[in-house]
Every structure is written in structure tokens, then in C-alpha cells.
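Chains L and H are the protein sequences, given in the same order. Using this note's numbering, you'd call the opening residue of the first sequence number 1 and step up by one each time. Using this note's numbering, you'd call the opening residue of the second sequence number 1001 and step up by one each time.
Misleading hints may appear alongside valid ones.
Claimed, not checked - Here are a few chain L residues that sit away from chain H, every Cβ distance over 12 Å (derived from the structure):
id	residue
1	A15
2	E21
3	N22
4	G54
5	G77
6	V82
7	S94
8	I108
9	G110
10	W143
11	E162
12	A173
13	G206
14	I210
15	K250
Stated by the list, open to error - The calculated SDA-like cross-link candidates involving lysine to any residue, where the alpha carbons are at most 20 Å apart (straight line), are:
id	chain 1	residue 1	chain 2	residue 2
16	L	K218	H	K1294
17	H	K1222	H	A1321
18	H	K1287	L	I234
19	H	K1002	H	D1085
20	L	K18	H	D1085
21	L	K218	H	K1011
22	L	K16	H	T1302
23	H	K1002	H	S1081
24	H	K1011	H	V1057
25	H	K1294	L	G77
26	L	K49	L	G77
27	H	K1123	L	P226
28	H	K1294	L	T246
29	H	K1287	H	V1057
30	L	K18	H	N1192
Hints were generated in silico from the structure; no laboratory data involved. We put the beta carbon where it would ideally sit given N, CA and C, even for glycine.
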Amino acid sequence: MKIIACIKQVPDSEAKVKVTENGQVTWGDAPLVINPFDEYAVEGALQQKEANGGTVTALCIGPESAREALKHALAMGADEAVLVSDTALDDIDSLGAARVLAAAVNKIGGADMVMFGRQTLDNGAGVTPPQTARVLGWPMLGWVGQIKVEGGSVTVERVLEEGRQTVKANLPAVLSIVQSIGEPRYPSFMGIRKASKAAIPVWSLGDLGIDAPAAAVKRVEISNPPVVETVCEIITGETPEAIAETLAEKILAEKVL
Amino acid sequence: MKTWVYIDHFKGEVQAASWEALGLGKTFGAVTAVVLGAGVDAAAQAAFEYGADEVIVVDDASLADYRAEPFASTLSALASSSTPDLILFPTTARTRELSAMCAVDLNSGVLTDVSALSVDGDKVTVTRPIYEGKVLEKAVCEARPQLITLRGRAFPKPARESGRAGALTKAEAKADVKSTVEGYSATEAAVNIGDAAVVVSGGRGVSNNPALGLDEKATAQKGFELIGELASVLGGAVGASRAAVDGGYITYAHQVGQTGKVVAPDLYIACGISGAIQHLVGMRNAKLIVAINKDAEAPIFTQARYGVVGDLFVFVPALTAALRKRLGK
């Protein structure tokens, strides 16, 4: 079983991300981390490796610094890692990323499953996993919380708004993994040591044999959201009932109901 | 501008945000609604009643269970022959996939979770949140059709005009089945916190009531019963923090926040939720936020307009009673 876990490096969730005066996104000195959603993809991949044997390859598009996110996946237990890095990729859109990832998946070769997180913290669209599946021509199994491989097929439980759907598809397939898969494991001491020594190949677009994909989606402007100064009024009273009466009045006065 | 609106539904139940998309489409001129599925006559009729001038229906057994591939291939085939300038979708787990795949088929781009947009001729500029809403992005799609998914409750829902009719066009499904649906369990009966006007959520605090003499999960169940009663009086849905979901108190479908759902209801009541940043990014766009927590220092109070420092097991029933009285329920 060969599994590829696609990951991205993003600013930490706690980071104060904002737009500077010259229109650049900045997160100050907040750390860059593996996209938290992608940790579920790595966890799901490692679970399947444990259940079926095989290897897990972590794959990432990003600058040189994105090596650190790949090292996190290696420290969790991934066997190898590949970084796709090329300055021509600075302005790609999600479809461009999907084309590059599909080319890298093909170059790695022999994959049975490609796993993604549900979405990234930065763009947040969640469209790269299905687009990669579409470019590869493989079935897309999104929002997966449980995985069982049997023979040449995979049966998953998809966690949707309306309930849980059990879906079966032939391998190879693309999966996006959600939190129900289980808490991502912490990197072990041995894992961290192994990751620090790992050689991570860097592939350019030339190595993948493709041109830089043209972007249909273009960013026009970025801005900080309007600052809403919320001052919390703590409601007090003699009894819970008295507080409840006051709060109910205030809620109704806001005319949101 | 030739505008299509994709009507997203689950087994014929249409997401309210589909009608919001239809209402927005109408502001640009005539609108064609697209309904794919099996046995979707009622959804097609509803599309007329919410304002569609034309409805394209593909009613086919192969579309009985939603799967991304046959839905994407069918919609892409329709769009390549009719060349709309714009296809609007409500934002759901299904439409993120569907619009994304159509963008591949049609060699175009997709813009998701759009909260505002402006139109110049047939060019749409959207505003969408990035970095979990910490930054707003304005973006355009230079290819056609422009595929845009709209954030739920960001645009007004049009009034329904009963009996309204229009031109119904039937079209063929395009076979592209790559998976089989083996089962479906509705144990988490239709939780759609994204569409709810009111969300009442519980956090770790729902398991904290030693006086009940119950174990953690049984205590939490009692807590969520109280929260459910308050939600019911307000006609709202029950949400939860990640701590409550991880504790096994309630299912993942209820989770509000970074790894759950982003909601923007008119009223959000947080009960026993401390307010980790991962939760706040999921609810801070609610119009009115009320927080109930034992800990006066809990970060949730920094986002709330009104706060009550107290025990949710005592206060939530009191608030339910006070609101029930005022709302005449």
C-alpha cells in the first residue's frame, strides 16, 4: 500500500495575521506550522500503513522553509517526503496547485491513496483535494472519518452535515480526512531524530515536466476586516431568574430574533 | 449576464442557502436554476417559486445518491453547451467538491465562501475570508464560467411565491460513476447549524455539575438537554465546541469552529465555552453573541455583547423560561 499525504505549511492558528500598509499579508514572528487539517491526513495515512503495510510519502508545494512542515510529517512517522518548490508557483490558484500535485503524484508513482486535510487554514477553500482527484481521474472521497481497505477497493465513512455516508470506490483514490479519524499522533523522539536527518528531494516544475499552470483566479486586493469593538456587558442580578429576565429583555431589544 | 444557480439538496431537501443564491442571481437579471438528482420535481417547483425564470432538471436514477463525479460531469456538460457567465452555488461540503471539479472540467476558477460581491458587466468581484477570516480577499475569476459558492446567510433569502411557474428544461445525466454509496446513517438527524438563525452551543462546561451525581457523559447529556430546550424556544440549532465533541458529549456535525463549521447566525449563545481561538473563528461573525460561563476571565467574553458569569445548569433553564414567556411559546 503506497499512500501520499499532501500537506501545506501555514501560519499557526494563534497567529495575528493582518495586512500591512503596503498590502502584504503578515503574521509577524508567529511560527509556520503544518496545516492543522493536514495532520489528520498524515494520521489517516499512518493508520492505513499500520493496517495494511506499505509506505507513506508526505508531499508539499511551498518555499524551502516548508521543509519544516514535511519534517513534522516525517517525525509523525511518514517514510519519505518530497517538496515541490519553484518561483513560478508563487501565483498559482487552486487548480494550478492541483495540476502540480497530480504531476508529483504521478512522478512518485504507484500510489494507492492520496490523502488531504479538508482544507487549509490560509485559503480555506477546500477545493484542491477534489481538483487533484479530477485531474488524476481518480474517485474523490471527501470528509472521511473512517477508512477500510479490502482487496483493490476502499470503503470509507464520510462525515457530512446530514449524517454519515458509507461509500466504496476502487483504488487508487483521493481522500480528504476529517477530525473523526482520531487525534493526530505527536512526533516521537525517534521520529524527530529521523526527520532531522532525512534528505528531502526538491522538485522544480522542470523535474515534473510541466509548465507553470496559468491562474484563472486572481487576487485583486486584500484588507483587514473592519474592527468591531465589542464591549461585553456582564448582566448581574439578585437571582438567576432576575438575571435571565434582564438578559431576555436585552436580547429582544436587539431585534435579532 | 447569463446566470445559473445550482440548487443544492440532500435527498430532495434543499439547503436554504440555495434560495439565497437564487435571490442574489435575480438581482443580475433572468436566472436559470439547475436541479440534479432523482425524484426532484418538488425542488424544481420550489426553484420557480423562489424566483427562477428557467429550471434545468436532470432527473436520473444515477443521481439518486450524491456523488461528486456524476454530478460534476453532468453539470460541466450542461455548462459547456449553454456557456453561462456565472454559476452560483450555496457553500456546502457537496458544492465545494462539485464546483471545484467543474472548474477542472471547464478550465475555469472557483471562488468559495463568498460573503459579498460586486458586478461590472459580466465580471464579478467577490469578497471572501482568508486566514480564517483574519483577512479579507477581493478576487476575480478571469475564465468563464465564473464558479462562485456563497456563504450561507450572507445574502437575503427571497420570498416564496406559491404556484409561480416558468420554463422547465429536461436534460440528460452524463454517466461518470466512480464510487458506490453503500449506506447512510441519519443518527445525527439533519444538523444544519450553518443555516440556523440562532445557534445555542455547549462546551466543556456542560459536563461540569457534580451535584447531579452522574458521570461525565451523562452530566453532559443533561447539559445539552437544557441547551436544546433553549435552542428550541428560539427556533434555533444546537452547536458545540470541539471540547464537547472530543469528549463524546455530542456528534461532530454540531461542532462550531476551525475544524467544524463556521456559522454567522443572528444570535449565538455560548454556554460553558471558554472561547479558544479555534472556536472564536467559527462564530465571531454572529450578529449578537451572548456568553454564559462560570469563569469571568474566559476569553469568550471578549467577543460577547452580553455575558453572564454563572452556572449554565442554573442559568440556562432560567433564560429559557424568561424567553419562552416573552415569545409566547
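Structure-based check of each hint:
no. : hint                 : result
1   : A15                  : 8 Å, violated
2   : E21                  : 14 Å, holds
3   : N22                  : 14 Å, holds
4   : G54                  : 22 Å, holds
5   : G77                  : 21 Å, holds
6   : V82                  : 23 Å, holds
7   : S94                  : 7 Å, violated
8   : I108                 : 21 Å, holds
9   : G110                 : 20 Å, holds
10  : W143                 : 6 Å, violated
11  : E162                 : 5 Å, violated
12  : A173                 : 8 Å, violated
13  : G206                 : 23 Å, holds
14  : I210                 : 15 Å, holds
15  : K250                 : 6 Å, violated
16  : L/K218 with H/K1294  : 47 Å, violated
17  : H/K1222 with H/A1321 : 17 Å, holds
18  : H/K1287 with L/I234  : 18 Å, holds
19  : H/K1002 with H/D1085 : 5 Å, holds
20  : L/K18 with H/D1085   : 33 Å, violated
21  : L/K218 with H/K1011  : 35 Å, violated
22  : L/K16 with H/T1302   : 16 Å, holds
23  : H/K1002 with H/S1081 : 13 Å, holds
24  : H/K1011 with H/V1057 : 15 Å, holds
25  : H/K1294 with L/G77   : 41 Å, violated
26  : L/K49 with L/G77     : 10 Å, holds
27  : H/K1123 with L/P226  : 25 Å, violated
28  : H/K1294 with L/T246  : 18 Å, holds
29  : H/K1287 with H/V1057 : 37 Å, violated
30  : L/K18 with H/N1192   : 31 Å, violated
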